[in-house]
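Enquirer: Residue numbers (the UniProt record's numbering), protein chains in the order written: chain A, 1 to 278; chain B, 1 to 278.
Be aware that one or more of the hints could be misleading.
As the list claims (entries may be wrong) - Estimated spans, in silico, between C-beta atoms of each pair: (1) B:Q241 / A:D137: 26 to 32 Å; (2) A:D137 / B:K243: 41 to 47 Å; (3) A:G2 / B:E146: 49 to 55 Å; (4) B:F269 / A:D49: 45 to 51 Å; (5) B:K271 / A:V164: 48 to 54 Å; (6) A:V164 / B:S121: 36 to 42 Å; (7) A:G124 / B:K117: 34 to 40 Å; (8) B:K101 / A:F194: 49 to 55 Å; (9) B:A39 / A:T25: 27 to 33 Å; (10) B:E100 / A:N75: 54 to 60 Å.
Unchecked claim - To spell it out: a stretch of chain A is covered by chain B in this simulated footprint if at least three of its residues, at any positions, have a beta carbon under 8 Å from a beta carbon of chain B; those stretches are: (11) 7 to 20; (12) 66 to 75; (13) 170 to 184; (14) 196 to 206.
Please keep in mind that the hints were generated in silico from the structure rather than gathered at the bench.
Computed from a predicted model, the values in this text were never measured in an experiment.
Just so it is clear, CB atoms sit at the ideal spot from N, CA and C, and this is done for glycine as well.
Protein chains: 2
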Amino acid sequence: MGLWFTEKQTEDFGITAKINKTLHTEKTDFQKLDMVETAEWGNMLILDDMVMTTEKDEFVYHEMIAHVPLFTHPNPKHVLVVGGGDGGVIREILKHPSVEKAVLVEIDGKVIEYSKKFLPSIAGELEGPRVEVKVADGFMHIAESENAYDVIMVDSTEPVGPAVNLFSKGFYAGISKALKEDGVFVAQSDNPWFKADLIEQVFQDVKEIFPITKLYTANIPTYPSGLWTFTMGSKKHDPLQLKPERFHELDTKYYTEEIHQASFALPKFVKDLTEKKG
Amino acid sequence: MGLWFTEKQTEDFGITAKINKTLHTEKTDFQKLDMVETAEWGNMLILDDMVMTTEKDEFVYHEMIAHVPLFTHPNPKHVLVVGGGDGGVIREILKHPSVEKAVLVEIDGKVIEYSKKFLPSIAGELEGPRVEVKVADGFMHIAESENAYDVIMVDSTEPVGPAVNLFSKGFYAGISKALKEDGVFVAQSDNPWFKADLIEQVFQDVKEIFPITKLYTANIPTYPSGLWTFTMGSKKHDPLQLKPERFHELDTKYYTEEIHQASFALPKFVKDLTEKKG
Numbered sequence: 001m002g003l004w005f006t007e008k009q010t011e012d013f014g015i016t017a018k019i020n021k022t023l024h025t026e027k028t029d030f031q032k033l034d035m036v037e038t039a040e041w042g043n044m045l046i047l048d049d050m051v052m053t054t055e056k057d058e059f060v061y062h063e064m065i066a067h068v069p070l071f072t073h074p075n076p077k078h079v080l081v082v083g084g085g086d087g088g089v090i091r092e093i094l095k096h097p098s099v100e101k102a103v104l105v106e107i108d109g110k111v112i113e114y115s116k117k118f119l120p121s122i123a124g125e126l127e128g129p130r131v132e133v134k135v136a137d138g139f140m141h142i143a144e145s146e147n148a149y150d151v152i153m154v155d156s157t158e159p160v161g162p163a164v165n166l167f168s169k170g171f172y173a174g175i176s177k178a179l180k181e182d183g184v185f186v187a188q189s190d191n192p193w194f195k196a197d198l199i200e201q202v203f204q205d206v207k208e209i210f211p212i213t214k215l216y217t218a219n220i221p222t223y224p225s226g227l228w229t230f231t232m233g234s235k236k237h238d239p240l241q242l243k244p245e246r247f248h249e250l251d252t253k254y255y256t257e258e259i260h261q262a263s264f265a266l267p268k269f270v271k272d273l274t275e276k277k278g
Numbered sequence: 001m002g003l004w005f006t007e008k009q010t011e012d013f014g015i016t017a018k019i020n021k022t023l024h025t026e027k028t029d030f031q032k033l034d035m036v037e038t039a040e041w042g043n044m045l046i047l048d049d050m051v052m053t054t055e056k057d058e059f060v061y062h063e064m065i066a067h068v069p070l071f072t073h074p075n076p077k078h079v080l081v082v083g084g085g086d087g088g089v090i091r092e093i094l095k096h097p098s099v100e101k102a103v104l105v106e107i108d109g110k111v112i113e114y115s116k117k118f119l120p121s122i123a124g125e126l127e128g129p130r131v132e133v134k135v136a137d138g139f140m141h142i143a144e145s146e147n148a149y150d151v152i153m154v155d156s157t158e159p160v161g162p163a164v165n166l167f168s169k170g171f172y173a174g175i176s177k178a179l180k181e182d183g184v185f186v187a188q189s190d191n192p193w194f195k196a197d198l199i200e201q202v203f204q205d206v207k208e209i210f211p212i213t214k215l216y217t218a219n220i221p222t223y224p225s226g227l228w229t230f231t232m233g234s235k236k237h238d239p240l241q242l243k244p245e246r247f248h249e250l251d252t253k254y255y256t257e258e259i260h261q262a263s264f265a266l267p268k269f270v271k272d273l274t275e276k277k278g
């Protein structure tokens with residue numbers, strides 16, 4: 001059989017992938033980092049034993065966390081990514097010509113370093129002239145920012161370890177302050193099959209702060225259950241009320257104008273999570 | 001660790017589920033049948049080492065293969081299910097009051113027998129007065145039917161073993177003949193991450209026979225990649241041009257009127273599979 005990586009997505013269920021070789025293993029100041037070459041998914045970044053991204057399916061997550069809020073805003077110029085050290089969100093942001101500056105605030109410099117080395121198709125744009133990379137605590141960066149960004153994406157790990165503060169109501173309040181008056185925010189918010197309570201909590205917390213709060217989904221085969229959610233908070237712009245002329249052609253493999261709309265249509269059991277009392 | 005079931009969804013990737021106990025194992029005349037109690041998904045039916053259905057996530061597949069074509073047809077009375085011995089599609093069909101007769105043609109009587117025994121929440125409606133169950137070859141049943149059905153669903157296994165004939169152009173031609181003049185047909189057509197060629201082939205084959213051919217998707221966490229496709233062939237009715245009054249309330253956990261529409265919005269790499277030359 002050889003070497004296989006198995007992620008227990010729950011206590012009783014997981015995925016398993018054949019490994020051609022281990023590229024790097026390290027305990028960083030913040031988490032366990034493994035980079036492996038898999039036979040099915042290409043190179044794979046694993047943090048604390050959870051798949052973060054793979055060369056083969058990364059486009060889904062990165063396109064969907066970036067383009068949905070970026071098209072929701074009419075003219076995004078200043079954009080912040082909290083987390084996302086692999087650089088995939090930055091790569092997608094730079095496809096929008098209106099963007100003048102994309103700031104990445106990643107707490108773990110090792111994620112950036114080894115993504116550049118082993119995931120060049122994902123991290124390759126981190127050096128661009130429109131990009132500013134800071135190795136710092138995203139929570140603190142948000143706390144210190146005011147009226148600074150048009151769009152903020154929170155591309156975090158699970159709410160354990162270094163990302164635990166990124167799933168708190170105080171953080172969402174900080175994001176609101178860091179955004180301009182018509183700013184848009186999105187955070188990855190895990191999956192509805194195994195983490196229903198988390199989705200419910202995040203949605204209610206964001207809803208208390210942002211006038212427009214919506215959940216949308218995408219299919220990511222290497223993430224738990226394959227059905228991933230994103231929670232969007234917007235001060236003014238409704239992602240489902242875009243002017244048709246707002247869209248422009250993009251080089252994508254998942255996102256389309258039609259998918260933008262359809263991703264907000266939720267399976268009934270998922271929709272129910274957004275309709276509970278807070 | 002105890003006992004785990006691992007399905008290799010490809011040579012190099014799979015899912016793995018903790019088993020509380022094995023309920024039944026048998027080599028039937030057609031395939032290997034395993035029924036196990038899993039810790040995550042409840043009871044699970046496995047044929048030839050592939051997950052067919054589980055108590056926890058079965059509703060997605062069964063609702064989506066049934067309700068999308070049934071609402072596409074304005075007044076479905078006679079409905080045929082080819083395969084589907086677990087009874088889940090029949091259960092969903094019976095939620096439509098217009099249906100007078102639902103016929104199930106399953107080649108392997110053992111699938112019916114053990115589904116009734118170990119999956120009662122799925123198979124429980126197989127005895128109803130509006131249901132006719134035949135243990136027979138679906139390919140032959142189709143060949144012998146003419147102008148008989150309003151809607152036909154093909155709920156088959158993979159195109160290996162007993163189901164290989166159910167993925168042929170001759171079969172789709174037979175289905176067209178077995179349908180009435182405004183009939184609707186749908187077949188499960190696997191996933192776009194690992195079986196892109198199959199989707200492309202099925203779509204082109206169905207398109208040569210049916211004036212309206214569409215692909216739609218659903219998230220099924222225990223199926224390969226979590227993103228499942230269904231190919232619909234329709235003689236007259238367009239699933240995206242339904243009269244609003246056609247919908248009626250249904251007791252579902254996944255399907256909604258909004259999901260009906262949204263499920264036809266395809267990720268770009270999936271849409272591309274439907275636009276290739278035949």
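Enquirer: Indicate, hint by hint, whether the structure satisfies it.
Expert: Cross-check of the supplied hints:
Take Q241 (chain B) and D137 (chain A): their Cβ atoms lie about 52 Å apart, and the range 26 to 32 Å is violated. Checking the proposed 41 to 47 Å range against D137 (chain A) and K243 (chain B) shows it is violated: the Cβ atoms sit about 55 Å from each other. Range check, G2 (chain A) to E146 (chain B): about 53 Å between beta-carbon atoms, so the 49 to 55 Å window is met. In this structure, F269 (chain B) and D49 (chain A) break the distance hint of 45 to 51 Å, their C-beta atoms being roughly 29 Å apart.
The hint said 48 to 54 Å for the Cβ distance between K271 (chain B) and V164 (chain A), and at roughly 39 Å that hint is violated. At about 38 Å, the CB distance of V164 (chain A) to S121 (chain B) agrees with the hint of 36 to 42 Å. In this structure the hint that G124 (chain A) and K117 (chain B) lie 34 to 40 Å apart at CB is violated, the actual value being about 56 Å. For K101 (chain B) paired with F194 (chain A), a C-beta distance near 40 Å fails the hint of 49 to 55 Å.
Between A39 (chain B) and T25 (chain A) the C-beta distance comes to about 30 Å, which sits within the given range of 27 to 33 Å. Roughly 57 Å separates the CB atoms of E100 (chain B) and N75 (chain A), a value that falls within the hinted 54 to 60 Å. Chain B is given as covering the segment 7 to 20 of chain A, and this holds because 9 residues of the stretch bring a CB closer than 8 Å to a CB of that chain, at least three being needed. With 0 residues having a beta carbon nearer than 8 Å to a beta carbon of chain B, the segment 66 to 75 of chain A misses the requirement of three or more and the stated coverage is violated.
As drawn, the segment 170 to 184 of chain A meets chain B at 0 residues by the rule of a beta-carbon pair under 8 Å; below three, the given contact is violated. A stretch counts as covered by a chain when three or more of its residues have a beta carbon under 8 Å from one of that chain; for the segment 196 to 206 of chain A and chain B the count is 0, and the coverage is violated.
The structure shown violates the earlier hints numbered 1, 2, 4, 5, 7, 8, 12, 13 and 14.
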